[in-house]
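Trainee: Residue numbers (this note's numbering), protein chains in the order written: chain E, 1 to 225; chain F, 226 to 450.
Derived by calculation from the structure, the hints in this document are not laboratory data. For each residue, glycine too, the CB sits at the ideal point set by N, CA and C. Be aware that a few hints might be false.
Said to hold, decoys possible - Okay, the calculated bits of chain F under chain E, using three or more residues with CB under 8 angstroms as the criterion:
#, stretch
1, 250 to 258
2, 261 to 267
3, 274 to 284
4, 422 to 433
Unchecked claim - Straight-line Cα separation of at most 27 angstroms, BS3-like style, residue types lysine-lysine; simulated pairs:
#, chain 1, residue 1, chain 2, residue 2
5, E, Lys-51, F, Lys-273
6, E, Lys-51, F, Lys-269
7, F, Lys-339, F, Lys-244
8, E, Lys-66, F, Lys-339
There are 2 protein chains.
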Amino acid sequence: IDESGDLEESRDFDAETQKALEEIDGCQNEIDALNEKASEEILKVEQKYNKLRKPFFEKRNEIIKKIPNFWVTAFANHPQVSALLDEEEEECLHYMTQLEVEEFEDIKSGYRIKFHFSKNPYFSNDVLTKEFHLGTSDPKSESTKISWSADMNLVKSARSRQEKMKQGRKRGLDVKSFFLWFEDHEDPSQDDIAEVIKDDMWPNPLQYFLVPDIEVENGVEEEEE
Amino acid sequence: IDESGDLEESRDFDAETQKALEEIDGCQNEIDALNEKASEEILKVEQKYNKLRKPFFEKRNEIIKKIPNFWVTAFANHPQVSALLDEEEEECLHYMTQLEVEEFEDIKSGYRIKFHFSKNPYFSNDVLTKEFHLGTSDPKSESTKISWSADMNLVKSARSRQEKMKQGRKRGLDVKSFFLWFEDHEDPSQDDIAEVIKDDMWPNPLQYFLVPDIEVENGVEEEEE
Ligand SMILES: [Ca+2]
Ligand SMILES: [Ca+2]
Ligand SMILES: [Mg+2]
Ligand SMILES: [Mg+2]
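Same shape as in the complex, but just chain E (with noise of 0.2 angstroms):
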């Protein structure tokens, strides 16, 4: 009867209660309709306050190009994200400049994490970009191809520490990469990095590079959890 097909099913109804079972599903459509717009006028307001913030998100990072190190700090300092930091590649973050996290135009459909850099003795992409399709069944992700310098190729180091490791018959422990997750497309609607850094890192990333009592510069660090 309707187009869900349910109450195609019900044979087995006498006529009034049939009849009312048709009334409920009036409800149910009338409800449902109010559900769509009420999702929505709620997409609207999260595009329009999107919107609102962006310039503040252009003016920060403007700002905070001109302190050093403060995103390789913040980074070191961040619970989840340092644990993925080998020493080599913290090194390598020195030279990130800039952070930007943009959702799709529609929110729900994706994001895309973009990490600049400036000339470094690692790689000569400008920009990797980590990119998230979540809109349809099948979700994806991409990132960046990126042009290693000779010998500085930070995905072959990380996966001959994997190789040792597996030797060692340390399973269970993963080894510790940034670039490695950077290349990971294995479940790209649960990487717990990627949502970290978009809805922890990128909304307030001061509250990392203040915290107190960790002293990144000397490389002495006193962790606190």
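With the hints as your guide, set chain F with the ligands onto chain E.
Mentor: Frame of chain E; chain F with the ligands shown alone:
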């Protein structure tokens, strides 16, 4: 410097960096203010649609009253709710005529679930209400004191089933009981059954009433998981 006090800790920065940090903090304050305004607007949209949906829920409740055993059938067909129903309790729920779920006006602070009953041999209450106050750091729930008829107290029955289970060392197995759930206030912010009733049963009970291939009336049940 700002109310959060974060920047007061940063005494070691040079003047230029300190100035940049204060500017970043200024941007954060603007972003925070916009986040707050966004939340308020979204709340208003949700409140508006709660009001618009309300007459359809009320109309639906009136129609449902015409269908004998609508709610007990929907409950008994629902995967999580049915797991709670002891046989005698299911008998009792045949007297349930109406379900109501009301979110508090500001939505985030809580909700109540009202179970309406016709005259029945179990208790004298017309309505049993379980109510959740979640707006504070100390969430609480409360429920109607049930006036059980002599020898019909289903909470007592459930407690004695519980005792027997403990003696039989079947620990880990929880006793099935709708009424123990109704009177349970241990973790109001994580009441899975209440949430399933609010977010799954209430939005569309017809789908559970109509689940095919499950016979409730004659006691033969084929569960489909
Ligand atoms: Ca650290
Ligand atoms: Ca059943
Ligand atoms: Mg440094
Ligand atoms: Mg019945």
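Trainee: Each hint: holds or not?
Mentor: Going through the hints against the structure:
{"no.": "1", "hint": "250 to 258", "in the structure": "holds (count 5)"}
{"no.": "2", "hint": "261 to 267", "in the structure": "holds (count 4)"}
{"no.": "3", "hint": "274 to 284", "in the structure": "holds (count 6)"}
{"no.": "4", "hint": "422 to 433", "in the structure": "holds (count 4)"}
{"no.": "5", "hint": "Lys-51/E to Lys-273/F", "in the structure": "holds, 24 angstroms"}
{"no.": "6", "hint": "Lys-51/E to Lys-269/F", "in the structure": "holds, 20 angstroms"}
{"no.": "7", "hint": "Lys-339/F to Lys-244/F", "in the structure": "violated, 57 angstroms"}
{"no.": "8", "hint": "Lys-66/E to Lys-339/F", "in the structure": "violated, 59 angstroms"}
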